[in-house]
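J.: Residues per chain, in single letters:
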Amino acid sequence: MNTDLMWQKFINERDDTSFSLVYNTYVEALYAYGIHLGFRDELCKDAIQDVFYNIYVKKSELKKVKNPTAYLFKSCKYRLIDLARKEAKIENIDSFDDSFTLDITVLENIIDAEESILLKNKVEKLLECLSGQQREAVYMKYMLGLGYDEISEILQINPDSVRKLMYRSMEKIRQNIDNNHPEWLPLFVILFLNF
Amino acid sequence: MKNYRDFLLNEDFMQWRLFRTEEQNGQWEKFRLENPHFEKDLDEAIRRFNALEMNRVSLSKDEKEAIYSAVMQNIRKHEKRKHRLQAWLAATAAILVITVLSTLFVRLNKDNGSVLLTENSRIVGETLPKEEICLFSGGDKINIANQSDIQLQKNAKVLITNNTEAKKELVLNSVKMNKLVVPFGKQSTLMLADGTKIHINSGTQVDFPSEFNGKTREIHVNGEVFIDVAEDTKKPFIVHTDRMDIRVLGTSFNVSAYHDDREKTVVLVNGKVSVKTEQQVTEMLPNEKVELTNGQITKETVDVSEYISWTNGVLEFYETPVSEILKKVGRYYNVQFESSPDIPLGARTCSGKLFLSNNLDSVMTSVSVLSSTSYRRENNMIYITKK
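Order-wise, the sequence lines are chains A and B.
Numbering of the first sequence is given in the working numbering, commencing with residue 1 and proceeding in unit increments.
Numbering of the second sequence is given in the working numbering, commencing with residue 1 and proceeding in unit increments.
Quick caveat, the hints were computed from the structure, so don't treat them as lab data.
Incorrect hints may appear among the rest.
[Claimed, not checked] Within a straight-line C-alpha distance of at most 27 Å, the following computed DSSO-like cross-link-like pairs (lysine-lysine) qualify:
1. B:LYS80 x A:LYS63
2. B:LYS327 x A:LYS74
3. A:LYS45 x A:LYS58
4. A:LYS9 x B:LYS272
5. A:LYS74 x B:LYS61
6. B:LYS235 x A:LYS58
7. A:LYS9 x B:LYS64
8. A:LYS63 x B:LYS77
9. B:LYS168 x B:LYS154
10. B:LYS235 x B:LYS157
11. B:LYS82 x A:LYS63
12. B:LYS30 x B:LYS61
13. B:LYS77 x B:LYS64
14. A:LYS122 x A:LYS63
15. A:LYS86 x A:LYS9
16. A:LYS45 x B:LYS77
17. A:LYS74 x A:LYS86
18. A:LYS66 x A:LYS172
19. B:LYS61 x A:LYS45
20. A:LYS45 x A:LYS122
21. A:LYS58 x B:LYS197
22. A:LYS45 x B:LYS386
23. B:LYS82 x A:LYS45
24. A:LYS86 x B:LYS64
25. B:LYS40 x A:LYS122
26. B:LYS64 x B:LYS80
27. A:LYS45 x B:LYS80
28. B:LYS179 x B:LYS235
29. B:LYS272 x B:LYS215
30. A:LYS74 x A:LYS64
31. B:LYS80 x A:LYS58
32. B:LYS197 x B:LYS179
33. A:LYS74 x B:LYS179
34. B:LYS61 x A:LYS9
35. A:LYS64 x B:LYS82
36. B:LYS353 x A:LYS9
37. B:LYS30 x A:LYS172
38. A:LYS9 x B:LYS197
39. A:LYS66 x A:LYS9
40. B:LYS82 x B:LYS353
Owing to the predicted nature of the structure, the values given are computational and were not obtained by experimental measurement.
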């Protein structure tokens with residue numbers, strides 16, 4: 001089922017069945033997101049528990065939610081920060097902003113093993129130069145399919161800054177390739193070589 | 001170009017797939033149009049690139065279930081807390097609903113006579129002309145619109161707010177008892193001088209003083225009321241009905257006592273009341289119902305919502321005989337039912353909720369469906385027939 005349809009069903013019917021569908025669709029991705037933001041396993045599970053409890057209990061507020069994916073990821077992130085603050089008290093939590101990591105995996109049923117390793121290495125190299133926030137934005141765009149507006153809500157910066165962040169990321173990647181991987185050829189050269 | 005791999009592992013291609021900016025989309029669309037011979041390879045590269053995922057972490061089935069059941073447990077706890085809170089809110093004021101067999105209805109009944117009660121096929125005995133709600137105070141008679149709020153204030157003043165929010169202020173006779181008569185088909189709420197709030201169901205009469213000056217607070221009820229008693233431990237609240245008195249010991253309860261109901265009931269929502277008849281006195285616990293039949297008291301545990309739902313414009317039933325349901329509907333809308341003798345309405349039972357809307361026909365449609373009967377309406381008379 002389409003995630004938006006499923007969400008609508010949950011908002012309208014509020015039964016345990018549609019709730020568990022929403023839960024099962026998002027639980028793993030939210031957990032992975034928390035872990036890659038740099039939070040402990042235990043804390044991630046607690047935050048997920050709170051997020052789902054809240055969406056079940058705070059029924060009326062959810063009608064305004066335009067994009068459930070963005071809403072859930074945002075809720076999860078800020079719940080994690082709150083929980084970590086409570087736990088650490090003194091520690092400076094602002095450092096979380098730049099700690100987002102990206103693990104690349106390639107599903108091997110579509111692609112053979114050798115090729116998947118090649119692709120994985122190349123993409124990792126491509127993204128290695130990015131900052132935590134830039135990696136987080138790439139993750140939102142690529143994995144969650146979110147637009148600039150939605151990403152801006154999660155990162156708490158304005159949509160224009162998200163656009164700039166994306167362009168700066170691409171620029172950085174380009175420079176990194178020029179400096180460190182001169183063996184990589186631009187597409188037009190490859191095309192030229194082959195004809 | 002040998003194959004898709006040249007695209008797949010190309011830096012520009014990878015960046016496009018990762019960022020998909022509008023510019024990139026435009027460039028690649030253009031490339032595709034200009035190089036139709038690459039289309040197949042390009043599509044294959046896109047398909048293969050899609051195998052790439054970020055931050056895949058798997059949770060075991062057990063872990064997922066553990067989080068889910070923790071969530072559900074918290075939700076159930078929350079729901080219980082909410083219920084307890086609602087119960088507590090109800091308990092802050094006492095609630096009382098009474099049905100008593102009484103002679104107080106003589107005035108209401110004499111026009112139509114009680115002959116109707118003797119005919120078995122007639123379920124509701126009272127059909128009244130378009131009578132108004134009346135407040136009698138001393139020698140004065142004040143007509144009041146349906147669904148009005150009547151609020152007693154200091155110095156025997158009374159504020160009447162009707163359903164269009166129009167307000168009217170009057171001064172009552174401060175010595176004598178006042179009498180509020182709510183005919184069939186009408187409902188009203190009354191707030192007494194001490195803050196006690198009374199929902200008055202159709203066909204009910206309440207006698208009350210303008211002020212409570214004595215050691216006790218006493219009112220007389222005939223019909224059905226839902227009383228929300230203001231707490232005052234120094235002045236006990238006593239509800240007198242024809243066959244029994246209910247003494248409120250800091251509590252909430254519901255009494256129903258109509259002269260045409262053979263059973264008079266007191267249902268306690270919260271707190272503690274004692275019920276006194278000529279023969280005996282019994283104390284009640286919350287969710288208990290005391291029934292007085294032929295002078296005999298029986299006590300049982302009930303779901304109180306069935307007895308107080310009328311205050312919210314809903315009738316709730318649980319395995320209730322259809323004849324009972326029609327009696328309540330009849331009172332509310334001021335109509336009378338006649339059924340063909342071959343339909344055992346007393347033996348047929350229904351469970352569910354009936355919304356008392358402004359449209360009697362929609363209510364009757366629900367009743368017919370529930371009881372598998374048909375109905376025909378002529379003014380205040382409704383004939384129930386076989387389907």
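J.: Decide, hint by hint, whether the structure agrees.
T.: Going down the list of hints, with the structure as the test:
The straight-line distance between the Cα atoms of LYS80 (chain B) and LYS63 (chain A) is roughly 24 Å, inside the 27 Å bound, and the hint therefore holds. Annotation: proposed proximity of LYS327 (chain B) to LYS74 (chain A) is violated, straight-line Cα distance about 56 Å (limit 27 Å). With a C-alpha separation of about 20 Å, the suggested pairing of LYS45 (chain A) with LYS58 (chain A) holds against the 27 Å cut-off. With a CA separation close to 44 Å, the supplied pair LYS9 (chain A) and LYS272 (chain B) exceeds the 27 Å bound.
With a C-alpha separation of about 25 Å, the suggested pairing of LYS74 (chain A) with LYS61 (chain B) holds against the 27 Å cut-off. Distance hint between LYS235 (chain B) and LYS58 (chain A) is unfulfilled; the C-alpha atoms sit about 42 Å from each other, more than 27 Å. Note on LYS9 (chain A) and LYS64 (chain B): the hinted pairing holds, with a Cα-Cα distance of about 22 Å set against a maximum of 27 Å. At roughly 24 Å between alpha-carbon atoms, LYS63 (chain A) and LYS77 (chain B) fall within 27 Å of each other, so this suggested pair holds.
A hinted pair counts as satisfied when its Cα atoms are at most 27 Å apart, and LYS168 (chain B) with LYS154 (chain B) qualifies at roughly 15 Å. For a cut-off of 27 Å, the pair hint linking LYS235 (chain B) to LYS157 (chain B) stands: about 22 Å separates their Cα positions. Restraint check: the Cα-Cα separation between LYS82 (chain B) and LYS63 (chain A) comes to about 22 Å, which is no more than 27 Å; the hinted pair holds. Only pairs whose Cα atoms come within 27 Å are accepted, and LYS30 (chain B) paired with LYS61 (chain B) is rejected, the gap being roughly 46 Å.
The suggested pairing of LYS77 (chain B) with LYS64 (chain B) holds, with an alpha-carbon distance near 20 Å, which does not exceed 27 Å. Distance check on the hinted pair: LYS122 (chain A) and LYS63 (chain A) sit about 42 Å apart at the alpha-carbon level, beyond 27 Å; violated. Taking the CA atoms of LYS86 (chain A) and LYS9 (chain A), the gap is near 35 Å; set against the 27 Å cutoff, the hint is violated. Distance hint between LYS45 (chain A) and LYS77 (chain B) is fulfilled; the C-alpha atoms sit about 19 Å from each other, no more than 27 Å.
The suggested pairing of LYS74 (chain A) with LYS86 (chain A) holds, with an alpha-carbon distance near 18 Å, which does not exceed 27 Å. Using a Cα cut-off of 27 Å, the hinted pair LYS66 (chain A) and LYS172 (chain A) is violated, with the two alpha carbons roughly 32 Å apart. About 14 Å separates the Cα atoms of LYS61 (chain B) and LYS45 (chain A), which keeps this hinted pair within 27 Å; it holds. In summary, the hint linking LYS45 (chain A) to LYS122 (chain A) is not supported, as the alpha carbons are separated by about 32 Å, beyond the 27 Å threshold.
Simply put, LYS58 (chain A) and LYS197 (chain B) have alpha-carbon atoms about 32 Å apart, too far for the 27 Å limit, and the pair is violated. For the hint pairing LYS45 (chain A) with LYS386 (chain B), the CA-to-CA distance comes to about 61 Å; that exceeds 27 Å, so the pair is violated. With a C-alpha separation of about 25 Å, the suggested pairing of LYS82 (chain B) with LYS45 (chain A) holds against the 27 Å cut-off. Of the pairs offered as hints, the one joining LYS86 (chain A) and LYS64 (chain B) holds, with about 25 Å between alpha carbons and a cut-off of 27 Å not exceeded.
Of the supplied pair hints, the one linking LYS40 (chain B) and LYS122 (chain A) holds, its CA atoms being roughly 23 Å apart against a limit of 27 Å. A distance of roughly 25 Å separates the Cα atoms of LYS64 (chain B) and LYS80 (chain B); the hinted pair therefore holds under the 27 Å criterion. Among the hinted pairs, LYS45 (chain A) with LYS80 (chain B) is consistent with the structure: their alpha-carbon atoms are about 24 Å apart, no more than 27 Å. Distance restraint check for LYS179 (chain B) and LYS235 (chain B): the Cα-Cα separation of roughly 22 Å lies within the 27 Å cut-off, and the hinted pair is therefore satisfied.
As the CA atoms of LYS272 (chain B) and LYS215 (chain B) are separated by approximately 20 Å, the hinted pair is consistent with the 27 Å bound. A threshold of 27 Å between alpha carbons decides the hint, and for LYS74 (chain A) with LYS64 (chain A) the separation of about 15 Å falls inside it, so the pair holds. A C-alpha spacing of about 15 Å is found between LYS80 (chain B) and LYS58 (chain A), which places the hinted pair at or below 27 Å, so the restraint holds. Our distance criterion of 27 Å between C-alpha atoms is met by LYS197 (chain B) and LYS179 (chain B), whose separation comes to about 16 Å.
Of the pairs offered as hints, the one joining LYS74 (chain A) and LYS179 (chain B) is violated, with about 62 Å between alpha carbons and a cut-off of 27 Å exceeded. Between LYS61 (chain B) and LYS9 (chain A) the CA atoms are separated by roughly 24 Å; this keeps the pair inside 27 Å, and the hint holds. About 24 Å separates the Cα atoms of LYS64 (chain A) and LYS82 (chain B), which keeps this hinted pair within 27 Å; it holds. In summary, the hint linking LYS353 (chain B) to LYS9 (chain A) is supported, as the alpha carbons are separated by about 25 Å, within the 27 Å threshold.
For the proposed pair LYS30 (chain B) and LYS172 (chain A), the alpha carbon gap of about 25 Å is at most 27 Å, so the pair holds. Between LYS9 (chain A) and LYS197 (chain B), the direct Cα distance comes to roughly 41 Å. Violation of the 27 Å bound is thereby established for this hinted pair. For the proposed pair LYS66 (chain A) and LYS9 (chain A), the alpha carbon gap of about 14 Å is at most 27 Å, so the pair holds. Distance restraint check for LYS82 (chain B) and LYS353 (chain B): the Cα-Cα separation of roughly 22 Å lies within the 27 Å cut-off, and the hinted pair is therefore satisfied.
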